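Novice: The residues making up each chain are set out below.
There are 2 protein chains.
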Amino acid sequence: MKKIDHIAIAVQNLDEAEAAYKDVLDLKWHGREEVATQKVLTSIFEVGESRVELIQPTAADSPIAVFLEKKGGGLHHICFEVDDIETEMARLKEEGARLLNETPTAGVGGSKVAFLHPKSCGGVLVEIVEKP
Amino acid sequence: MKKIDHIAIAVQNLDEAEAAYKDVLDLKWHGREEVATQKVLTSIFEVGESRVELIQPTAADSPIAVFLEKKGGGLHHICFEVDDIETEMARLKEEGARLLNETPTAGVGGSKVAFLHPKSCGGVLVEIVEKP
Numbered sequence: 001m002k003k004i005d006h007i008a009i010a011v012q013n014l015d016e017a018e019a020a021y022k023d024v025l026d027l028k029w030h031g032r033e034e035v036a037t038q039k040v041l042t043s044i045f046e047v048g049e050s051r052v053e054l055i056q057p058t059a060a061d062s063p064i065a066v067f068l069e070k071k072g073g074g075l076h077h078i079c080f081e082v083d084d085i086e087t088e089m090a091r092l093k094e095e096g097a098r099l100l101n102e103t104p105t106a107g108v109g110g111s112k113v114a115f116l117h118p119k120s121c122g123g124v125l126v127e128i129v130e131k132p
Numbered sequence: 001m002k003k004i005d006h007i008a009i010a011v012q013n014l015d016e017a018e019a020a021y022k023d024v025l026d027l028k029w030h031g032r033e034e035v036a037t038q039k040v041l042t043s044i045f046e047v048g049e050s051r052v053e054l055i056q057p058t059a060a061d062s063p064i065a066v067f068l069e070k071k072g073g074g075l076h077h078i079c080f081e082v083d084d085i086e087t088e089m090a091r092l093k094e095e096g097a098r099l100l101n102e103t104p105t106a107g108v109g110g111s112k113v114a115f116l117h118p119k120s121c122g123g124v125l126v127e128i129v130e131k132p
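Protein chains in written order, with the numbering used here: chain A, 1 to 132; chain B, 1 to 132.
Please note that a few of the clues may not be correct.
One copy or two, either will do: identical chains are not told apart, so a pair holds if it fits within one copy or between any two.
[As the list claims (entries may be wrong)] Capping the alpha-carbon separation at 25 angstroms, the derived lysine to aspartate or glutamate pairs in DMTMM-like fashion look like this:
{"hint": "1", "residue 1": "Lys93", "residue 2": "Glu34"}
{"hint": "2", "residue 1": "Lys112", "residue 2": "Glu88"}
{"hint": "3", "residue 1": "Lys2", "residue 2": "Glu69"}
{"hint": "4", "residue 1": "Lys71", "residue 2": "Glu49"}
{"hint": "5", "residue 1": "Lys28", "residue 2": "Glu86"}
{"hint": "6", "residue 1": "Lys71", "residue 2": "Glu16"}
{"hint": "7", "residue 1": "Lys22", "residue 2": "Glu95"}
{"hint": "8", "residue 1": "Lys71", "residue 2": "Glu95"}
{"hint": "9", "residue 1": "Lys28", "residue 2": "Asp61"}
Quick caveat, the hints were computed from the structure, so don't treat them as lab data. It should be emphasised that the depicted structure is a prediction, and the values quoted were computed from it without experimental measurement.
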């Protein structure tokens, strides 16, 4: 794992949360992106070598909508950048980790991503990403 | 906010979670630290410019024990590094943020820390730290 790529935060109201991260926390705003496959709208901030992503569901069956209903929002997952996702996934399987994807999935901007089950990561949903 | 200083994860069983972050996720282990004032034992990992801290309560009235009981563990808070904590706290108050500390508190290794209420940060407990 090279670095924290991003921290994802599930929110009910993206406008309100975005204003808080812009004006109150004063993080550098990068912009918004819609991820149709996950049925979410994200608002992205930069801080050091990492990003903070606020995530609002765009449909009732979005995985984030389910999380909001259960937990009421807050920190959702942590994503680490890796050099080579296929090698890393093979290593993780070897170590007995429970992967939620058998092969890497297409992420934003040509990246490749995969998720690890919280049971393998001390109760935290972990994503790994290889940048193009 | 300069960078993500650390991400804190509340765990029921530090030995188990520590093994997962060492062996499965393969993060660089820094060591353990007990924070008596918070009644917690932490296991610290380094990744890029940030750290991941696993936190286990050492007493039933630790704030982390309360969180574990309510939420069952997982991502607990995010900490951003700032240059000057007094200036940043004054700016945050000016912006209407709800601070959980009136003045900075002593953190690990001579650092100064303060917490922001989740209501001011899109539902996330946020810590700020000034390093010595």
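Novice: Using 25 angstroms as the alpha carbon limit, work out where lysine 71 and glutamate 49 are close: within a copy, between copies, both or neither.
Specialist: Cα proximity of lysine 71 and glutamate 49: none, with 28 angstroms in one copy and 29 angstroms across.
Novice: As a check of your reading, is lysine 93 near glutamate 34 (CA-CA no more than 25 angstroms) within one copy, between copies, both or neither?
Specialist: Neither, since 31 angstroms and 33 angstroms both go past 25 angstroms.
Novice: With identical chains, the pair lysine 71 and glutamate 95 could be close in the same copy or across copies; at 25 angstroms between alpha carbons, which is it: within, between, both, or neither?
Specialist: Classified as neither: same-chain Cα gap 30 angstroms, cross-chain 28 angstroms, threshold 25 angstroms.
Novice: Could you place lysine 28 and glutamate 86 in one of the four classes (within, between, both, neither) given a Cα distance threshold of 25 angstroms?
Specialist: between (32 angstroms within a copy, 21 angstroms between copies)
Novice: Cα distance capped at 25 angstroms. Does lysine 2 pair with glutamate 69 within a copy, between copies, both, or neither?
Specialist: So lysine 2 and glutamate 69 fail the 25 angstroms test inside a copy (33 angstroms) and across (33 angstroms) alike.
Novice: When Cα atoms must be at most 25 angstroms apart, do lysine 22 and glutamate 95 count as within-copy, between-copy, both, or neither?
Specialist: Between copies, since 11 angstroms is at most 25 angstroms while 40 angstroms is not.
Novice: Between lysine 71 and glutamate 16, at a C-alpha cutoff of 25 angstroms, which is it: within one copy, between copies, both, or neither?
Specialist: This pair counts as both: shortest intra-copy Cα distance 19 angstroms, inter-copy 24 angstroms.
Novice: When Cα atoms must be at most 25 angstroms apart, do lysine 28 and aspartate 61 count as within-copy, between-copy, both, or neither?
Specialist: neither (31 angstroms within a copy, 37 angstroms between copies)
Novice: Checking lysine 112 and glutamate 88: alpha-carbon separation at most 25 angstroms within a copy, between copies, both or neither?
Specialist: This pair counts as within: shortest intra-copy Cα distance 12 angstroms, inter-copy 37 angstroms.
Checked against the numbered hints above, the structure violates hints 1, 3, 4, 8 and 9; every other hint is satisfied.
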